[in-house]
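Peer 1: Chains as they are written, first to last, in numbering that gives the first Met the number 0: chain G, 0 to 434; chain D, 0 to 740; chain W, 0 to 161.
What you were told as hints is all true, and nothing was included just to trick you.
Covered by chain G, per the in silico footprint, the following chain W stretches (three or more residues, Cβ under 8 Å):
id : stretch
1  : 12-23
2  : 38-48
3  : 53-64
FYI, nobody ran anything at the bench for these hints, they're computed from the structure. All values derive from a computational prediction rather than experimental measurement. From the three backbone atoms N, C-alpha and C, an ideal C-beta is built for every residue, glycine too.
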Amino acid sequence: MNGNRRAVNVARVALVVGAGCVVSACRSDIRPIEPAATRTFPESLVRRGAVLAAIGDCQQCHTVPGGSAFAGGLPLQTPFGTIYSTNITPDVETGIGDWSQQALIRAMREGVDQEGEHLYPAFPYDHFTLITDEDGEALYAYLMTREPVHAVAPRNDLRFPFNIRQGLAIWKRLYLRKGPYQPDTSQSDEWNRGAYLAQGLGHCGACHTPRNALGAEERQHEFAGGEAEGWTAYALDRTSPAPVSWNVESMLAYLRRGWHAEHGVASGPMQSVTSDLASVPESDLHAIATYVVSRMGEGPPEGKPSSNGGAGGASQMRQGANGEQPLGAAVYDGACASCHDGTRPLPFGGIELGLSTAVNAPDPRNLINLVLHGLPAEEAEARPIMPGFAGTMSDGQLTALLQYVRERFATGPAWRDLDKYIKEARDQAREKEVS
Amino acid sequence: MMDALDHPLVTRRRFLGAGGALVVSFSLGPRVGAAQSAFVRPGDLNDARYLDAWIRIDAEGRISVFTGKAELGQGIRTALIQLAAEELDVAPDSIHLVTADTGLTPNEGYTAGSRSIVDSGTAIRNAAAQVRDLLVAAAAARWQLPPARLKAENGAVVSDDGRTLQYGELVASTQLHVVAQPQSNLKKPVFSRVMGKSLARVDIPAKVTGGAAYVQDLRLPKMLHARVVRPPGPGANLLDVDSGAVTKMPGVVKVIRDGSFLAVAAVGEFQAIQAMRALAEAARWNERPTLPRAGSVPTFILNFRAEDHTVRDTRTSSVRAGRALEATYTRPYQCHASIGPSCAVALFDKGSITVWTHTQGVYPDRAAIAQMLRLPLDKVRCIHMEGAGCYGHNGADDAAADTALIARALPGRPVRLEWMREQEHAWEPYGPAMITKIRATLEDSGSISDWNYELWSNTHLTRPGSAGALLPAQSLAQPFAPDEQHVEITPEGTADRNSVPIYTIPNQHIVWHFLREMPLRTSALRALGAYMNVFSIESFMDELAHAAGADPVQFRLRHLRDERAREVITTAAKAFGWSGSALPRNHGRGFAFARYKNLAAYCAVAIDVEIERETGRARMTRAVAAVDSGEIVNPDGIRNQTEGGILQSMSWTLFEAVTFDDTRVTSIDWSTYPVLRFSSVPDRVEVHLVPRPGRPFLGVGEAAQGPTAAALANAIANATGKRLRDIPFTPDRVRAAMGVL
Amino acid sequence: MTVTLNVNGRTRTVAADPRTPLLYVLRNDLRLNGAKFGCGLGQCGACTVVIDGEAVFSCVTPILLLEGRQITTVEGLGTLERPGALQRAFIEKQAAQCGYCIPGMMMRAHALLLKRPNATRDEIRKALEPNLCRCCTHMRILDAVARAGELMREARGEDQGT
Ligand code: FES
Ligand code: FES
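Just chain G, with the same shape it has in the complex (with noise of 0.2 Å):
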């Protein structure tokens, strides 16, 4: 859902507007359409739509979890304010059901919704501006066919001056570059294919890229990590800090099925970027990976992790003397090693963690995350189940837990500022209970 991270980018483009005063020309209005949901559109049209909806994740921006898909009314929460994700149901009133296609094409490529309005960059459309016609077309067919959805999203509630839609021209002018995507001529087909899809729909660096002070993708970076909601997104260049390195298969696995052996299970954000993928076709999979991983090069770190014992777990615990042991180590033994000693596969069983890229990350965000909150159970599908220790683990123990475990486990340094760290994630949980 990537709420928080694009949360801050429209709270940093807010600024912008609120220190230029800048007002710029809304683009032109286009007319709306007769409901297109009375249309009917070539079934392969559709399929190729819902695809390319599954590698833009849609859905997940669009939906209230539990609620009607694609009916809009995410709540993305920021400092300034809350802005809603839109109603992108073919319902007329209150959704899309009187666009035009060219009009969606449109939203996509400029950032700007039928009457003309800019619209908020939470809205990738830095990426989505790389649409072919062709994919705009299947993309307009699928939405169409949707269900549609009477639901109108709650006004964003963005304080003065943030709510001027205007001054999002001067971030366009600043950072939009618009497409469409340039192919690499000396690259593959394929690779020139994933180069789209990864840039484009499939906004990657969205999260993946780090930001500059208003709130834009740093280009000349892109894929040195990232953050969302939360949750640090790892670079995807040469400074990936996957203990073992990703290659095309091992990317390809992970992306349909949210897990590899090698590399563990995805959660946070990613969670439902692999849950969409699933339905992706292989061959567009296959692509998208060959294009990450070529960014990520041949570069370290090489071969596995030192993996001082990671296996063995509860049956090998080191019984100290007269039960010293450091803290750390006591609480990894009691509380992760009867998962995490290796003897169940994963994606079920818990990944052994010399292999975790969360224990081997520059920071411990995502780490702590995990802890804290688990993965937790949901309906009726098989996935793995983590429980979480917030509950449980006071800021002390995390950290002595943290310490001996990135010791442990881990090639990289210590971590630093974990307090800061664990106060940011807790404080994050409480507010989301509250909302």
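Starting from the known structure of chain G, fit chains D and W with the ligands onto it as the hints suggest.
Peer 2: This is chains D and W with the ligands only, laid out in the frame that chain G set:
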């Protein structure tokens, strides 16, 4: 100090030791077949014929009632107390009920098949009525009054001239060790005081306050904790295990190995778990691929060699013309999946063994354990204690056998064994995968003129009786082979249960293709074949109704003569507000009906569903059921069971399938075998009871399983225009059926 | 080694490996039957207890984490003779079949009602999601938790006339 279970032992001592108690002898004779008896006595009174096998009263007037049936969470304890209290004219809380114990209670076989009230309830009710009459007769003799001037009231006999004798005062002169009469003087329903009323369950207060309620809670002095190490897959044998390091782990008392049976006992429970993990790592197995490579649609069972048995054949040559319809339905292997893994406690002492177990059949389990341990029957005692709900033959008997083997190796020390979650999911005997195929002809008049039904299934009964049915006995160095399965076509049926349609249809041909080959062990799961057969038949009835352009409820009534069936159907339809009116998009309603086993309770279920098109998620939003279970003992108990049955069947039908690769079961916990969670719970479930005072009891505990599955399928078809015939109806399957892109 | 725990308002010292999950200590050392073993994996909630107001899985909580913390089990909600509001509600609604999952349900509900005394049915449903019931007593469990909320409000003198 024993925290739990002071009743059977203490009680027995009290009865045998207390002076003046009315126990002439312990009267559990061998089961006597009806043929040997001049009369047929009601329920299991026909087998355990002495009144004092069922009811005993001591000189203080304390009443003990004995049942061979077990409380499985179905509320049987409360209902049986109600029956006894009613006929004995005492307050329910003055009755002490002793359940399944080979040392104390009658042999009533298994607590299964929704038969507890029918078998045991009937026996207890009649025995109680006869005991009451004997007490009245004793008082009449003492007062020299005609019995008609006396009546039983609140634990005493009173005369119309105001005299009173407590039961306790009468027992010394009353002979209860007498053979029951075939006829009893049962109370008229209008005089009922506790029967037919929703008496609160007697077991719930302890369960919500932390009382010792389950075998899991039994703690005996010096008790050890044990864990077993099971093979990685069904085809694996133990090659070797170096247990040296394990025996030195803290708390470990003993590692037990016999063939491929491997276990460890320790002082502390967590120590036993740690040792089990270490032992599992130290064990080397040879694994063989013995499982079929298959997805969750179990079509592979069609490749097994089948043995055909005709369940029914009423075909005549004059089959009339009409439209022929055909459909095939499937169901995967499914788990009992108790919330509490199987558990038992055993004590082997001076050549005898006592096993506390949540088995459904203490007597058959005793026989199997005795054979496995090569002990005479009288050296083995099985005492039932509650476990978590089992819904059929789960790991209970196997865990009892495991524990018996471990306890034998540790004489004099009580041993408690609990299975791990993964063991429960991987090793319980599953509800069998099944395939059914129906062909029928619909006449132009809209009636069904012939009906061809085939079902493919393993046995649904591998319950113990002999040691070969016990999981650990199969892997001993001197193993016991699993029992040969024999097919018997009976009125109650097993895989073929409810395979005969209840509807009036000429020209029926019903065949069970019995599958002997069994890659995964299967046994009784709540309702047995009735779940699948009713699902198939009642789905197909809707398909036929659709083809005939008829309302599904009307179409059923058109083919149904049984008045009680008709009333249950109309009751459910009315309470639900059944109509043919249009529903909002993606909403559907479905109806289904069955009489369980065609001889027990009638149950009709109507369901509303809502489909989330994009995800394919089908949500049951409302269910309304009507039930006729004959005379009602405890209305709330029936409602509770039926509500639970509806939701459980919904979970089976929407979500559940055992998964495996060619060597191992891969659905081994709640993350790999997801079941109903609160997010899928309907908004409303209603159960309406059709009262039948004075009519025989009809078993009801499993009656909702089949109708719910079919009503769901029918509702989904109604909502989407697409028929799902393969259980479970996962979101992916629903989406695919709807063609959502 | 000994660990000191505060369980249901009483200080208890147990001699156990500090890494032992709380569940086994409650059941075996302290002889409390309420928390049940269901999976040992944090997947089913049968072992749920409340620690400092939060519902947690005792099967994956080593006792070494718990010194100085307030642990509440179903035994801490009341007794057979003097049942607490949740216990009375579960009895009143007859919200159990086998009952094995019920103490865990009650403890999760207890944590919810501590935080949100006016929890709606939807909130109850959501809060109970981590807990499984295989007998499928869900409808009654929801009723019972809602009823417990009412009883608690009544006891505080709110909700007159409901
Ligand atoms: S036993 Fe703790 S969650 Fe299942
Ligand atoms: S009542 Fe049996 S598991 Fe919930």
